[in-house]
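Novice: Okay, here's what each chain looks like letter by letter:
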Amino acid sequence: MITDLTASELSEALSKKSVSSVEITTAYLNEIESRDSDMGCFLAVDPKGALEQAKNADALIASGGAHPLTGVPIAIKDNISTELLETTCASKMLKGYIPPFDATVVKLLKSAGMPILGKTNMDEFAMGTSTENSAFQVTRNPWDKSRCPGGSSGGSAAAIAAKLAPLSIGSDTGGSIRQPAALCGTVGFKPTYGRCSRYGLVAFASSLDQIGPLSRTVKDAAMLAEVITGNDPLDSSSLPNNPIKVVGIENVNLRGLKVAVPKEMMGEGISQGVRQTFKEAMARLQEEGAIVEEISLPMISYGVSTYYIIAPAEASSNLARFDGIRYGFRAEDKSHVRMVEKTRAQGFGHEVKARIMIGTYVLSAGYYDAYYIKAQTVRSKMTAEFLEAFKKYDVIASPTSPVVAFKLGELIDDPMALKLLDFCTIPANMGGFPSISINCGFSEGLPVGLQFTSKPQSDEDLLRNAYGAERSLPEAQKLPASVG
Amino acid sequence: MSISLDEVRHVAQLARLELDESEVLALQGELNSLLGHLVDISQIKASLGEPVTHAVSLRNIWAEDIVGETLGRDNSLRNAALVKAGLFVVPAIIED
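Just so you know, the protein sequences line up as chains A and B, in that order. 1 is the number of the first residue of the first sequence in our numbering; add one for each residue after it. 485 is the number of the first residue of the second sequence in our numbering; add one for each residue after it.
Warning: the hint list may mix true and false statements.
Here are the simulated DSBU-like cross-link-like pairs (lysine-lysine), alpha carbons at most 30 Å apart as the crow flies [what the hints assert, rightly or not]:
hint, chain 1, residue 1, chain 2, residue 2
1, B, K529, A, K334
2, B, K529, A, K263
3, A, K279, A, K145
4, A, K391, B, K529
Which bits of chain B does chain A cover? Going by a derived footprint, with three or more residues having C-beta under 8 Å, they are [said to hold, decoys possible]:
hint, stretch
5, 498 to 505
6, 522 to 529
7, 566 to 575
In silico negatives: residues of chain A with every beta carbon more than 10 Å from chain B [stated by the list, open to error]:
hint, residue
8, E23
9, P47
10, S146
11, G256
12, E268
13, K391
14, L421
Source of the hints: derived by calculation from the structure; they are not laboratory data. Model, not experiment: these values are computed from the prediction. From the three backbone atoms N, C-alpha and C, an ideal C-beta is built for every residue, glycine too.
Make the full structure from the sequences, and use the hints.
Specialist: Laid out in structure tokens, this is it:
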């Protein structure tokens, strides 16, 4: 079946002309049509647009001007602007919002000739760890439909694992690409901050947000990263670098690779099954010649606190734009202030309100120095600790998530417990480091993610090393049987 | 440190969020639970290092002062709830 092929296999088939983009795109649209009502990955599907783009892709391939991923369809998280295709951030606030422009990543995907299948479900405004904060629907984990897919890019990760898309785009503020990738057994890659333009990404916490690929294999993630990265004058935090270019990924050798495992990411918060699976994966890397050592990075233990000050602070400012005037939901009142207050009360869901409240509180008079400045200080110290470790080690490795996919509804009434699950993924956002999650095995029949993080702007090396790790763990590279 | 119901109402006002009493109560609980966790940060010594606002230090980036592609009035107004004569409509700010 076409949908069994990885993106790089599709690329090869397209270049040999053994399959057309219209055939591939049609196959995926049919799968979405028949199975997504059960999975809940997509908030919007665009069959007409996707097929039109597929026809153009086939013409481009015939003319010889194609990019390797031309004709390979993709799904996009619903907080990324797609011109004339509804973009809601899974919020009632933006229901019906039709962006008048494409995000830079969407422009790049379109110019590479990649058909856009539709928009994927997420936690409202990317605030969450289970995709259960979506205002519209539940997304199920393809490994066990009674479990969540992780979040906030849960729809993008589940679509890959359920074979409803060969590639997808997510966004990662504190782990929102890597954690759902881990819980769904896919690859999720957060590039170095600034390597992928944020223009057109609906801002959550601007100093932490980064767009990146989700895929079935590291090679696919690398191919997609090559399309979506590069300098963008429309994003003032964009790095001047050229797009990511991974040469010779298949020639990587793990012999001599220096891997550090911070003991703060292997502590009591890590479940027994995840710890065991991760340790077995590390042993496998050692057999391949990698040098694995335990280190201590003490500031990691402040990560969750730091994150839950900085991210809500930035969010409370970014989400001030939702005032019922220029776009989005509007409640009516004769008073301007009351109109804004009612609009925000009725348009935002509970978790979004909670985070706006936290952010407003930590930035308010009397608390700014006690919380916000301290958190920024810890951020600088934590970054320095990691940079020091990167002088000696190529990669910092840990489990991506301390637990495997949990049951839908299991933690929704305990928002603090959900927040505490982010401690392994947060540091990469704090320091802007490139970080990737790959599947490294199974516990209770559910995927366990292995996270590799490297120094800023070493995205190419990180992808090569992750490819090497993936190759050394062949039995972990599979998709759930129920959809295979 | 814990947050009172009045403080929750004050913060909601700063954030322009109308909350009903059940939400005020729920958010008081959630904020206190989080603030309890944040004690570790508030007790850190400020001398630990310099605060940073961003992961990468970039200098100011200046764009050339050239008019590029713009959205245009119709596109800009298309998603507004209320529009009149090519303008966004808001409730009166200065009342009679």
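Novice: Okay, which hints does this one fail, numbers in order?
Specialist: 1
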